[in-house]
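**Q** If you want the building blocks of each chain, they are given just below.
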Amino acid sequence: MDDTTLIDLIPDYVLGSLSSDEQAQVDALLARSQEARDSLLAYEQTLAGLALLSPVRKAPAHLTDDFSKRLQTMAAVSVVKPPISQLPRRRTAWLLLSAAALLILIIGIVFAVRANANARQQQLEQQTIAQIINNSAAHQTVLRFADANNQAHVVFYSVQAADTDGVLAIQGLSALPTGKQYQLWTINSGNTVSAGVFDAGTQQVMRLIHLQAAVGTYKQMAITIEPIGGSIQPSGQPIATGTLS
Amino acid sequence: MDDLSLIERIQAHDQEAMRTLHQQYVDLVYSITYRVLSEATAAEEATQDAFMKVWQSAASFDHERGSLIGWLARIARNTAIDHLRLYKRKVGLDNSLDAAEESHTLPLPDNWQDRERLQTLRMALEDLPHDQAQALALSYFGGMSQSEIAEDMKIPLGTVKTRMRLGLQKLKEAWGKN
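Those protein sequence lines, which keep their order, are chains Y and E.
All residue numbers for the first sequence refer to my numbering, where the first residue is 1 and numbers rise by one.
All residue numbers for the second sequence refer to my numbering, where the first residue is 1 and numbers rise by one.
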């Protein structure tokens with residue numbers, strides 16, 4: 001569909017009445033067209049205005065105190081620092097100094113080797129990411145947020161159905177409270193499999209995703225919020241979902 | 001403290017600022033969640049969840065996309081709809097978009113940037129054909145899908161889509177007049 005036709009679909013997009021294919025096309029339009037984004041914003045503001053025409057109801061007095069307590073509970077994180085261990089005493093100063101120097105040398109060598117390996121690994125990952133997103137045949141799966149207020153943009157890129165690698169492009173996701181991470185899931189026939197955890201970034205971030213099976217075996221992707229390190233299965237409703245094409 | 005300063009402090013994880021926001025706007029948010037859920041306990045839960053979403057997603061607020069009040073209203077409505085769907089509540093067909101009389105409307109700041117727009121929107125709502133207003137109400141405040149609305153109203157799905165699109169377009173034009 002051309003852009004003019006797609007812009008005409010924006011009221012239906014706001015009302016949630018488009019097919020997944022139409023939604024994906026409007027999502028793509030919104031990513032490239034300021035006119036479309038302005039139109040969407042106007043419709044969203046109109047609907048917010050409708051909400052503001054609701055009859056007034058006085059909220060029960062206890063709500064603010066209750067909310068205060070809930071905030072304090074969420075923010076309360078106790079960190080137990082391990083006790084600093086006492087170093088054993090050495091009788092001879094030169095022995096102590098020599099041992100320390102040797103230890104520093106060994107640690108330095110280990111870190112240098114690891115740093116080189118990490119740098120090579122990162123370089124390879126960046127090359128793979130570039131190959132995937134620059135591939136003209138790459139499929140894009142836009143993950144739509146359940147909360148329409150979320151202005152983040154998350155897209156999963158994959159090339160062939162047999163591939164197990166893809167790229168997750170993330171922009172504008174909110175930072176999570178301490179102890180939480182976003183987790184990506186792939187779903188097929190009721191089977192939900194983790195595709196890794198990630199953190200938010202206001203700049204656009206590209207992450208290489210290694211799937212447990214070929215991308216063509218999955219039908220959907222989803223994002224949930226989990227404890228740091230991730231969960232075996234989603235612990236709550238997804239905040240965003242997308243249909244793999 | 002103005003809304004922009006308040007949200008900036010909340011974005012910096014200032015709990016006191018979040019409490020201030022709750023105090024200032026709890027009636028507004030509760031009124032909207034009650035409008036959707038029509039039941040006090042459910043509306044209270046949805047209100048608290050809505051404010052928690054504000055706390056957790058404050059970084060996503062962009063003042064260039066609209067006012068804090070508008071953003072709060074959207075979060076309140078969407079959270080209430082989530083509760084509606086979670087508990088599979090059903091709304092009545094007599095759910096309407098009748099705007100409250102001005103004397104009983106939400107307490108909004110005198111200097112709120114969209115005050116005149118809201119007035120124009122209210123008038124446009126009063127002029128909206130009943131069938132368009134009803135379809136929009138069932139969708140926006142009732143969380144019903146267009147298929148569900150078509151089934152309940154015993155009209156074709158295409159008719160529901162047309163009524164909702166036309167109604168929303170008219171309201172959007174009214175909103176954009178000021």
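Think of the hints as simulated: they come from the structure by calculation, not from any bench.
Incorrect hints may have been included.
Said to hold, decoys possible - In silico EDC-like links for lysine to aspartate or glutamate, alpha-carbon gap of 16 Å or less:
id, chain 1, residue 1, chain 2, residue 2
1, E, Lys-53, E, Asp-82
2, Y, Lys-180, Y, Asp-199
3, E, Lys-177, Y, Asp-38
4, Y, Lys-58, E, Glu-45
5, E, Lys-53, E, Asp-2
6, Y, Lys-69, E, Asp-49
As the list claims (entries may be wrong) - Some chain Y residues near chain E, calculated using beta-carbon distances under 10 Å:
id, residue
7, Ala-130
8, Gln-131
9, Gly-172
C-beta atoms are modelled at their ideal positions from N, C-alpha and C, and glycine is treated no differently.
**Q** Look at each hint and say if it fits the structure.
**A** Status of the hints after comparison with the structure:
1. E:Lys-53 - E:Asp-82: The hint holds at about 12 Å.
2. Y:Lys-180 - Y:Asp-199: This hinted pair holds, its Cα atoms lying about 9 Å apart.
3. E:Lys-177 - Y:Asp-38: 15 Å, holds
4. Y:Lys-58 - E:Glu-45: Distance ~15 Å between Lys-58 of chain Y and Glu-45 of chain E Cα, so the pair holds.
5. E:Lys-53 - E:Asp-2: 20 Å, violated
6. Y:Lys-69 - E:Asp-49: Measuring from Cα to Cα gives roughly 13 Å; hence the hint holds.
7. Ala-130: Since the shortest Cβ distance to chain E is 29 Å, the answer is violated.
8. Gln-131: 31 Å, violated
9. Gly-172: 7 Å, holds
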